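J.: Sequence:
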Amino acid sequence: MADQTAEQGTAEGRVPDYDPQAVEAKWQQRWVDLGTYEVDNDDPRPPYYVLSMYPYPSGAAHMGHVRNYTFGDLIVRYRTMRGNAVLSPMGFDSFGLPAENAAIKSGIHPRIHTDERIEELTSSIVRLGAVYDWRRKLTSHQPDYIRFTQWIFLRFLEHGLAYKQKAAVNWCPGCQTVLANEQVLADGTCERSGDVVEARDLEQWFFKITDYAQQLLDDLELVDWPERVVTMQRNWIGRSEGAEFSMPVVDADGNSHPSEAEVHVYTTRPDTSFGMTYAVLAPEHELARVAATDEQRAEVDAFIEQARNTSEMDRLSSEGALAKRGVFTGAYVHNPFTNQPVPLYLADYVLLSYGTGAIMAVPGEDQRDWDFAEVHGLPIIRTVQPPDDWEGKAYTGDGPVINSPAPGATFESLDLNGMEIDDAKARAIEWLETWGLGQSRVNYRLRDWLLSRQRFWGCPIPIVYCPDHGAVPVPDDELPVIAPDDVEFKPTGESPLNHHHGFLNTTCPECGGPAVRETDTMDTFVDSSWYFLRFTDPTNEDRPFDAAAVAHWLPVDQYIGGVEHAILHLMYARFFTKALADLGVAPNELREPFRRLFTQGMIRLGGEKMSKSKGNLVAPEEILDNEGADALRLGQLFVGPPADDVDWEGVGIQGAYRFIGRLWRLAHPASDVVPEAVGDDALVIERETHRLIARVSDEMERWSYNTSVAAFMEFTNLLYKQGRTDFAVDALLKLLAPMAPHVTAELWELRHGAGAHIHEQAWPEHDPSMLTVDSVTMVVQVKGKVRDRIEVDPGIGEDDAVEIALASERVQEYLDGEPRKVIAKPPNLVNIVP
RNA sequence: GCCCGGGUGGCGGAACUGGCAUACGCGAUGGACUCAAAAUUCAUUGGCCGCAAGGCCAUGCGGGUUCGAAUCCCGCCCCGGGCACCA
Numbered sequence: 002m003a004d005q006t007a008e009q010g011t012a013e014g015r016v017p018d019y020d021p022q023a024v025e026a027k028w029q030q031r032w033v034d035l036g037t038y039e040v041d042n043d044d045p046r047p048p049y050y051v052l053s054m055y056p057y058p059s060g061a062a063h064m065g066h067v068r069n070y071t072f073g074d075l076i077v078r079y080r081t082m083r084g085n086a087v088l089s090p091m092g093f094d095s096f097g098l099p100a101e102n103a104a105i106k107s108g109i110h111p112r113i114h115t116d117e118r119i120e121e122l123t124s125s126i127v128r129l130g131a132v133y134d135w136r137r138k139l140t141s142h143q144p145d146y147i148r149f150t151q152w153i154f155l156r157f158l159e160h161g162l163a164y165k166q167k168a169a170v171n172w173c174p175g176c177q178t179v180l181a182n183e184q185v186l187a188d189g190t191c192e193r194s195g196d197v198v199e200a201r202d203l204e205q206w207f208f209k210i211t212d213y214a215q216q217l218l219d220d221l222e223l224v225d226w227p228e229r230v231v232t233m234q235r236n237w238i239g240r241s242e243g244a245e246f247s248m249p250v251v252d253a254d255g256n257s258h259p260s261e262a263e264v265h266v267y268t269t270r271p272d273t274s275f276g277m278t279y280a281v282l283a284p285e286h287e288l289a290r291v292a293a294t295d296e297q298r299a300e301v302d303a304f305i306e307q308a309r310n311t312s313e314m315d316r317l318s319s320e321g322a323l324a325k326r327g328v329f330t331g332a333y334v335h336n337p338f339t340n341q342p343v344p345l346y347l348a349d350y351v352l353l354s355y356g357t358g359a360i361m362a363v364p365g366e367d368q369r370d371w372d373f374a375e376v377h378g379l380p381i382i383r384t385v386q387p388p389d390d391w392e393g394k395a396y397t398g399d400g401p402v403i404n405s406p407a408p409g410a411t412f413e414s415l416d417l418n419g420m421e422i423d424d425a426k427a428r429a430i431e432w433l434e435t436w437g438l439g440q441s442r443v444n445y446r447l448r449d450w451l452l453s454r455q456r457f458w459g460c461p462i463p464i465v466y467c468p469d470h471g472a473v474p475v476p477d478d479e480l481p482v483i484a485p486d487d488v489e490f491k492p493t494g495e496s497p498l499n500h501h502h503g504f505l506n507t508t509c510p511e512c513g514g515p516a517v518r519e520t521d522t523m524d525t526f527v528d529s530s531w532y533f534l535r536f537t538d539p540t541n542e543d544r545p546f547d548a549a550a551v552a553h554w555l556p557v558d559q560y561i562g563g564v565e566h567a568i569l570h571l572m573y574a575r576f577f578t579k580a581l582a583d584l585g586v587a588p589n590e591l592r593e594p595f596r597r598l599f600t601q602g603m604i605r606l607g608g609e610k611m612s613k614s615k616g617n618l619v620a621p622e623e624i625l626d627n628e629g630a631d632a633l634r635l636g637q638l639f640v641g642p643p644a645d646d647v648d649w650e651g652v653g654i655q656g657a658y659r660f661i662g663r664l665w666r667l668a669h670p671a672s673d674v675v676p677e678a679v680g681d682d683a684l685v686i687e688r689e690t691h692r693l694i695a696r697v698s699d700e701m702e703r704w705s706y707n708t709s710v711a712a713f714m715e716f717t718n719l720l721y722k723q724g725r726t727d728f729a730v731d732a733l734l735k736l737l738a739p740m741a742p743h744v745t746a747e748l749w750e751l752r753h754g755a756g757a758h759i760h761e762q763a764w765p766e767h768d769p770s771m772l773t774v775d776s777v778t779m780v781v782q783v784k785g786k787v788r789d790r791i792e793v794d795p796g797i798g799e800d801d802a803v804e805i806a807l808a809s810e811r812v813q814e815y816l817d818g819e820p821r822k823v824i825a826k827p828p829n830l831v832n833i834v835p
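Those letters in the first sequence? Residues 2 to 835, per my numbering, in order.
In short, the hints are calculated from the structure, not lab data. Bear in mind that the values here come from a model prediction, so they are computed numbers and not experimental data. Be aware that a few hints might be false.
Said to hold, decoys possible - Now the in silico label distances, taken between C-beta atoms and shown as ranges:
| no. | residue 1 | residue 2 | range |
| --- | --- | --- | --- |
| 1 | R688 | D20 | 54 to 60 Å |
| 2 | G175 | V443 | 35 to 41 Å |
| 3 | K27 | G84 | 22 to 28 Å |
All C-beta atoms in this analysis are idealised placements derived from N, C-alpha and C, irrespective of residue type, glycine included.
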């Protein structure tokens, strides 16, 4: 095979065939040797920070990685040619369950397993031709990174942003750990293992992300992100405005309850309060047993027990009117709006964790309440007038307020009748405040972030438990707390650290007495919440990073990753950035970490998501071994718009590979496959070159890479037809250099001598005066249908254009005397209406 | 149910603000080169009618606005994604 290639190389008019393996290896080494993409913090060029989401090291790269790093790399190279100092770091999100599960299976320590996977992935990334400042490489599991992850945890703890609490948490039996809310899917299963998540009461560590709910919502204004990601974040934060007020527990006659308990309810519709015909507590609500009457107690207890044992999944799957299970407590609450008692129920459609865990029920304007009221025979009163043709049940639309109070009501404390909903809301809140019954309240769906994990392969939580002093933080100078190597991996539901006495037993930092360590580790999302900051100052031994270094590079100019991180990672990273800025660790003015975000589409194969578990992976390594990295990159870029999902079947590696071959034979200085252009052809080509520069420059900014690849092919086809010029070929190579770095670098060196480096060239500029043309094709339509095409002067006037159009024989055939109307848009179009 | 995307040849897709629909590539068919193949290269390639010139029909379906609609508006259908007892 190799002999044949050499033989062809000596043939008349031929150059050696392009050898991707040799050329790619050569340039990958060259970029490292030259340090082309290493950048210092005091680099005088304007800074530009490009970041692809750091990967979980799962072994050799898959197509998702290829897509991600191809985009990232071409921006790094493009911005460098544009004159920026481009920060392009790479690291590995190296803690996490798969390494630990592998350890349980094989007995190999997660660290060894992980380091091997990092080696494999690094090799793939390098072979793809993606360039990074490898001096800045970091991994979540390296000791100095652990140290500062723990350091940040302790600062959060000091400032009340980390706390421990017993809570009903999501327990995944498959993963043998608790999960964050964000890791539980809508159907109540674990996003990772697919197991049904159970509720367990456990002491857990939380981050107080809810302190930042409003900022996290407001500051979405500051970022240039895909609209759907912004929307998803907004929905996740789930801000709602309403009122909270209290109602005393009473009996059926309105006499106060011996406990003098009051039920606090939250509502977004205080305007409908006159329609409250009952109230509901969540089954877990502390007043549930207190309020229950003796007659109802047995039923109430049974219901609480039943709700407790119902998994979230069952609660959700039993959707529907009849399933709005609940029980009467026997007690009532006093509705201050009507001055009447209404029955107090327990129902599992009310959640303890949202609002106050108790609601006022207004069946007339809430479908869930309507369904529940029907089943339990409770009255329904409309307080908003539905349209005449309304045939539905609960009415949630606009309309004038009615029955507030009901006609003939004896207690008229407040009159909302006839008001529009917004006015009625404001008036109802005002009234509650006047009488000291309640106030307006903003509520969020966002919950605090549960960060404890009962697993080994994660960042240890730096806490010691002392019998006398309770939970004591490990002092900064004892960080990092690192898990020992000699542990036994067993899926027991506890961290293996619990059984390692050398690790477990320690002394209390306060009193020096015997104490035990916290054995839970942190969610890996903690690691990924600040790595982009560490990259700016990766060797700092005193602090996680220097604020000035962060101020220099952040916010990240272009962040690139999968849309699957739209909520979890991006929300957490935003929270960390804000909290660290507020604590004075990061620059105070840094409110958002990622200025621009690009979320790439997924790779599918035959309609299915490509994944190891589906066994439908196409290995990039195989393509790298054959067609090479440039063909893989171009094929990937050409398949479609970057944001779209792509089906691997549509990726034309062959087409890209052929194009590279054509480029090679066109641009190689020893090749005479394409002759030099002369005369008019040379002039046409010069103009077309400027046109190409203008087009591709614009498309680079718009992420329209697939059309740029098409432009390169068209231009190459043109040169094959009309001949080449040095100017045209050099411009083509430079424009293509970010996308196909190896072949362009090699050709550039062949054309310009040893040491010439295309990636150090300035991005070409087009000359606007060269975009003009001698003639344009004017389309002549008759009633909107194209009937003729005529070459005209680009500066043609309206009258001349019409005259030429009317003179056309082809047009005359469709005309019968004077046209009724003529629309002229010279020089492109004349449309004639007969 | 609600909120976003999207539906264009055999396939991936192009058409930036309404103005030449189907760029570019894949695949397919035919030719050149070759003993042969690969590679390369040239040509054809939305459908229908026609010997041809040419004509008609096509951007999910049905309406509308406009001289002119893949593009804007209204009503549907289908696909993908997100959210969904949040009071």
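J.: Next step is simple, just say for each hint if it's right about the structure.
T.: Checked hints:
1. Taken as a hint, the range 54 to 60 Å is violated for the pair R688 and D20, whose Cβ atoms sit roughly 34 Å apart.
2. In this structure the hint that G175 and V443 lie 35 to 41 Å apart at CB holds, the actual value being about 37 Å.
3. Restraint check, K27 to G84: a C-beta distance of roughly 26 Å satisfies the suggested window 22 to 28 Å.
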